[in-house]
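K.L.:
Model the placement of chain B on the given structure of chain A, informed by the hints.
Residue numbers (the working numbering), protein chains in the order written: chain A, 616 to 815; chain B, 213 to 684.
Since the hints were derived computationally from the structure, they do not count as laboratory data. Fair warning: this is a prediction, and the values are worked out from it, not measured in the lab. Where is the CB? At the ideal position from N, CA and C, for every residue including glycine. Be careful, since some hints might not be right.
What the hints assert, rightly or not - Residues of chain B placed beyond 10 Å of chain A at every Cβ, according to the derived structure:
#1 R284
#2 E528
#3 G669
What the hints assert, rightly or not - Here are the simulated BS3-like pairs of lysine-lysine, each with C-alpha atoms no more than 30 Å apart in a straight line:
#4 B/K259 - A/K706
#5 A/K706 - A/K741
#6 B/K471 - B/K549
#7 B/K376 - A/K798
#8 A/K670 - A/K621
#9 B/K259 - B/K471
#10 B/K615 - B/K628
#11 A/K798 - A/K621
#12 B/K215 - A/K646
#13 A/K706 - A/K646
#14 B/K220 - B/K471
#15 A/K670 - B/K628
#16 B/K257 - A/K798
#17 B/K456 - B/K215
#18 A/K670 - B/K549
#19 A/K646 - B/K257
#20 B/K615 - B/K456
#21 A/K646 - B/K262
#22 B/K628 - A/K706
#23 B/K220 - A/K798
#24 A/K737 - B/K615
#25 B/K259 - A/K798
#26 A/K798 - B/K262
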Amino acid sequence: MNDLVKRSGRGVYVQGNDIDTDRIIPARFLKCVTFDELGPALFYDERFDTQDVSKGHILDAPVHQGASIMISDTNFGCGSSREHAPQALQKFGFEVIIAESFAEIFHGNCTTLGMPCLIMEKTQRKALAALVGHHPDAEFLIDLQAQTLMFANEQFSFTMKDSAREAFLTGRFDPLDELLVAKDAIQAVAARLSYSDHSG
Amino acid sequence: MGKNLYQKVWDDHLVGPLENGQYQIFMGLHLIHEVTSPQAFGMLKDKDLKVAYPGRTFATVDHIIPTDDQSRPFSDPMAERMMAVLSDATEMHGIEFFQPNSGSQGIVHVVGPELGLTQPGITICCGDSHTSTHGAFGCIALGIGTSQVRDVLASQTLAMDPLKVRRIEVTGTLSTGVTAKDVTLHIIRMLGVNGGVGYAYEYAGAVIEAMTMEARMTVCNMSIEGGARCGYINPDETTFAYLKGRERVPSGAGFDAAKRRWAGYASDPDAHYDDVVVIDGSAIEPTVTWGVTPAQALGIGERIPDPAAAEGLDQELMSDALRYMQLEADAPIAGTKIDVAFIGSCTNGRLSDFQAVADVIEGRQVASSVRAIAVPGSEKVDQAARALGLHNIFTAAGFEWRKPGCSMCLAMNPDKLVGDEVCASSSNRNFMGRQGSSTGRTILMSPIMVAAAAIQGAVADARDVFQLEQTS
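Next comes chain A alone, as it looks inside the complex (with noise of 0.2 Å):
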């Protein structure tokens, strides 16, 4: 049943305050010319060792298999600008990440990847991290409309970015159709610019 305003699923608790994108996807897995294969190596040093032999990592206990709404803390994704840590949380199946806080670069990129960032508050946000470690069975049902999330017979609630809610609300998260059809106005701008390109 999930669509754009509603979405449901389990859920998983990836503990940590400034949770970086160089955990979410080490710099080593960047070589790549399509973000096709990075599911796998989603915060792969936080999961295996130096000799890729798992260290019990919450995102590979079985319980949790097949989460696609992941649950964090304050300041997630900060770093750097890379779009393959959005990339590998969405290719490895989460369609929705709820923190008390997001970095912006990363909100704006998971935005356009079609993957709601929900804000929630530390004590809501706790309690919601509890009750999954105890029902990681249990399914979500989001409503991005009203802002609401049940989960285990509990009500919470969030918050999203103004724009970000309407982009899904609207269905416009990827904005380039828009961008592309004032394709006059920038023209506009760019002819009434008092500077031009500096090639050459």
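P.N.:
Quick look at chain B alone, frame taken from chain A:
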């Protein structure tokens, strides 16, 4: 009420509102490199789109390029493939590409300013978070994701939310041995790694005004590490003097006209700010990191903080950082043994950085236990350093003098830490695993502090090691 620079540049580049409440903003200059941009050309192809304004996009190769042997094909086949894709795409779309050995190749945030592509009052974007560097010239410079690189290639515009503006005034005078890097690490330490979320930072005050353009670039470079979307410094005579005579800057009457226009972008004296922070520059010490975020920093004379003083997940973050760094709470940071010294990156890989180090290391030797590398930020920096004989001073002291690139800042090329080596680094991120080993440890500091650590074999106060006298 007057306007700040951010508002002036925004108004000049506004195309119009978008349906979701964002705004469409024209990008005056688009810089691309091989890691985050080749995929965008694939996206264009999928949608059968062309590059709208190819004369406004410039490409370089920096992240994956080896700093020893740059002959093609590169020894790493994937690096070679990325290079080939970028090369083909730029050729197909008529985009100027600063290839290795062209005399203009280098780290994207070193190349733009030194060619004079980066100018006051313009909008700049690049698929790289350290694009904030260019704000040193009084422009709005934004790091963007690959889908946005696609948007800019196709339309020369971005969908944006307006930012708030925080003015950060650094007052007083810096002490001898305290540099722009110490200023920026100190600011991030004070305001936190997410203190800047939702903001553009305007850096001002006597300390900033007294800085050279290269020092200003170091400050703006790290804006993103403080969570700010961008950072800028109002253009002034220092800015104009730097730009005069640069390859892509108008000359003669054109320069005079440009200068008048550029000056007009500076924030008005009665401009509105959403927040103002004042920092006493005279009190800033040489600053180094002890943990795994750039805000986990301290003055060289201080002791490593005790997580017990913090609460909740912040306490956990500190404990995790100490465990990862193999450091003890309450211990001095000075004396921490290092294995590698790295001078380079878009933060501190410019001529003045190498000059400052050459001035103090001449006649001294890197400790035998330390592997030390110096990586110029661009071919132009390399050439200028060689012309001054700086490379000889570095090699005589025991540094390897490499070819230009991002190198060990993020270790996408062969320059990596091994195991849990500790690196004294002039770069910008001390994240876990950042320098190419999942257990490698990074201590951020200024170039002269890296030099002091290289010579002592341990983190040290450059003022003591090099007997820097306070001049007043």
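K.L.:
Would you mind confirming whether the straight-line C-alpha gap from A/K646 to B/K262 stays at or under 30 Å?
P.N.:
25 Å, holds
K.L.:
Could you grab the alpha-carbon distance between A/K798 and A/K621 and see if it respects the 30 Å cut-off?
P.N.:
33 Å, violated
K.L.:
Verify the proposed pairing of A/K670 with B/K628, using a straight-line Cα cut of 30 Å.
P.N.:
Holds - the C-alpha atoms of B/K628 and A/K670 are around 23 Å apart, at most 30 Å.
K.L.:
What's the verdict on B/K376 and A/K798, does the C-alpha distance respect the 30 Å limit or exceed it?
P.N.:
28 Å, holds
K.L.:
Decide if the proposed pair is consistent with the structure: B/K220 and A/K798, CA atoms, cutoff 30 Å inclusive.
P.N.:
23 Å, holds
K.L.:
Going straight from one Cα to the other, do A/K706 and A/K741 come out at no more than 30 Å?
P.N.:
Within the cut-off at roughly 26 Å; holds.
K.L.:
Taken at face value, is the distance from the CA of B/K456 to the CA of B/K615 at most 30 Å?
P.N.:
27 Å, holds
K.L.:
For the pair supplied as a hint, B/K257 and A/K798, is the alpha-carbon distance within the 30 Å limit?
P.N.:
Measuring from Cα to Cα gives roughly 19 Å; hence the hint holds.
K.L.:
For the pair supplied as a hint, B/K259 and B/K471, confirm whether the alpha-carbon distance does not exceed 30 Å.
P.N.:
41 Å, violated
K.L.:
The output says B/R284 does not contact chain A. Does that hold with a beta carbon cutoff of 10 Å?
P.N.:
Check passes; 16 Å lies beyond 10 Å.
K.L.:
For the pair supplied as a hint, B/K259 and A/K798, is the alpha-carbon distance within the 30 Å limit?
P.N.:
With Cα atoms ~16 Å apart, B/K259 and A/K798 stay inside 30 Å; holds.
K.L.:
So if I understand the rule, the pair passes when the alpha-carbon distance is 30 Å or less; does B/K615 with B/K628 pass?
P.N.:
15 Å, holds
When each numbered hint is compared with the structure, violations occur for hints 2, 6, 8, 9, 11, 12, 24.
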